[in-house]
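If you're matching them up, the sequences are chains A and B in order.
Anchor point for the first sequence: position 67 equals 67 in our numbering, and the numbering is continuous, going up by one each time.
Anchor point for the second sequence: position 70 equals 70 in our numbering, and the numbering is continuous, going up by one each time.
Derived by calculation from the structure, the hints in this document are not laboratory data.
Wrong hints could be hidden among the right ones.
Unchecked claim - Some residues of chain A that are not near chain B, with every Cβ distance over 10 Å (derived):
#1 Val-39
#2 Val-54
#3 Ala-69
#4 Ser-71
#5 Asp-85
#6 Arg-95
#7 Ala-110
Stated by the list, open to error - Heads up, simulated DSS-like pairs for lysine-lysine below, C-alpha to C-alpha not over 30 Å straight-line:
#8 B:Lys-58 / B:Lys-34
#9 B:Lys-34 / A:Lys-111
#10 B:Lys-70 / B:Lys-58
#11 A:Lys-34 / A:Lys-70
#12 A:Lys-70 / A:Lys-58
#13 A:Lys-34 / B:Lys-111
Claimed, not checked - Covered stretches of chain A, as calculated for chain B (at least 3 residues, CB under 8 Å):
#14 25-31
#15 55-66
#16 73-84
On a predicted model such as this, the values are computed, not experimentally measured, just so you know.
Glycine included, every Cβ here is placed at the ideal spot set by N, Cα and C.
There are 2 protein chains.
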Amino acid sequence: MIVKRVLKQDASLDLMFQALSDPARRGMIERLCKGPATVSELAAPLPMSLPAVVQHLKLLESSGLVRSAKSGRVRTCRIELAALDRAEQWLSERRSTWEGRLDRLGDYLAKER
Amino acid sequence: MIVKRVLKQDASLDLMFQALSDPARRGMIERLCKGPATVSELAAPLPMSLPAVVQHLKLLESSGLVRSAKSGRVRTCRIELAALDRAEQWLSERRSTWEGRLDRLGDYLAKER
Numbered sequence: 001m002i003v004k005r006v007l008k009q010d011a012s013l014d015l016m017f018q019a020l021s022d023p024a025r026r027g028m029i030e031r032l033c034k035g036p037a038t039v040s041e042l043a044a045p046l047p048m049s050l051p052a053v054v055q056h057l058k059l060l061e062s063s064g065l066v067r068s069a070k071s072g073r074v075r076t077c078r079i080e081l082a083a084l085d086r087a088e089q090w091l092s093e094r095r096s097t098w099e100g101r102l103d104r105l106g107d108y109l110a111k112e113r
Numbered sequence: 001m002i003v004k005r006v007l008k009q010d011a012s013l014d015l016m017f018q019a020l021s022d023p024a025r026r027g028m029i030e031r032l033c034k035g036p037a038t039v040s041e042l043a044a045p046l047p048m049s050l051p052a053v054v055q056h057l058k059l060l061e062s063s064g065l066v067r068s069a070k071s072g073r074v075r076t077c078r079i080e081l082a083a084l085d086r087a088e089q090w091l092s093e094r095r096s097t098w099e100g101r102l103d104r105l106g107d108y109l110a111k112e113r
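Model the full assembly from the supplied sequences, consistent with the hints where possible.
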């Protein structure tokens, strides 16, 4: 019987990459990397309704990439850089694995000469 | 009238981040970063049917992260590192924007003292 390896569950990476798979949400993240913004400020340049923007924001918040706080009637959003770093780290780890493989292949070929 | 900025369309980033949002697909990418693998080799550790694996592979190929070639009856898959780099680059550009903002804030505060 072949023992199936359990998939590495990482729901937070699932949600983060899902959050990043939409151009409107990436646009909001680009904006928030320049500094905090209110929901209206985030919505202003986007070709969609405010409720649609709020839906995108909810997904960004549930992914951990953005957090927001309400003061009076104004909700201000901020980027959560640590979350963005985690997604970047996953990708850079993959590249390291790949580069390590190339290095080993190079060593092997050098020995074989 | 407020002129709505057109969203930066980047369908390849959409597809890439979507491809990365699933643990089985991330598992396949992790495996392929260690070297090329046949479809059977990719499927072996995964707790799912071969057709399900093939579906995931199709999405990975359409995102540009993986390419495959058939030789006889065996299909071998390889990682497309340039695509992985693009996703990483998008994230690192966001971090640079953020860090640039912190630097400017630091300069401003230093001047104000």
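Results of checking the hints against the structure:
1. Under the 10 Å C-beta cut-off, the non-interface status given to A:Val-39 relative to chain B holds; the minimum distance is some 15 Å.
2. Its beta-carbon lying about 17 Å from the closest one in chain B, A:Val-54 satisfies the requirement of being farther than 10 Å from that chain.
3. Distance check for A:Ala-69 against chain B: the nearest CB is about 18 Å away, which clears 10 Å, and the non-interface claim stands.
4. Every C-beta of chain B lies more than 10 Å from that of A:Ser-71, the closest at about 20 Å, which supports listing it as non-interface.
5. The beta carbon of A:Asp-85 is not kept farther than 10 Å from every beta carbon of chain B, the shortest such distance being approximately 7 Å.
6. In this structure A:Arg-95 is not separated from chain B by more than 10 Å, as the shortest Cβ-Cβ distance comes to only about 7 Å.
7. Listed as outside the interface, A:Ala-110 is consistent with that label: its C-beta sits roughly 18 Å from the nearest C-beta of chain B, beyond the 10 Å cut-off.
8. Restraint check for B:Lys-58 and B:Lys-34: the C-alpha separation of about 20 Å stays at or below 30 Å, so the hint holds.
9. Distance restraint check for B:Lys-34 and A:Lys-111: the Cα-Cα separation of roughly 21 Å lies within the 30 Å cut-off, and the hinted pair is therefore satisfied.
10. The straight-line distance between the Cα atoms of B:Lys-70 and B:Lys-58 is roughly 14 Å, inside the 30 Å bound, and the hint therefore holds.
11. This hinted pair checks out: A:Lys-34 and A:Lys-70 have alpha carbons roughly 20 Å apart, not beyond 30 Å.
12. Using a Cα cut-off of 30 Å, the hinted pair A:Lys-70 and A:Lys-58 holds, with the two alpha carbons roughly 14 Å apart.
13. Restraint check for A:Lys-34 and B:Lys-111: satisfied, since their Cα atoms lie roughly 21 Å apart, inside the 30 Å limit.
14. Three residues within the 8 Å Cβ limit are the bar, and the stretch 25-31 of chain A against chain B gives 4, so the coverage statement holds.
15. Taking a C-beta to C-beta cut-off of 8 Å, the stretch 55-66 of chain A contributes 0 residues in contact with chain B, too few for the three needed, and the coverage statement is violated.
16. Check on the stretch 73-84 of chain A: 3 of its residues sit with their Cβ under 8 Å from a Cβ of chain B, so the three-residue criterion for coverage holds.
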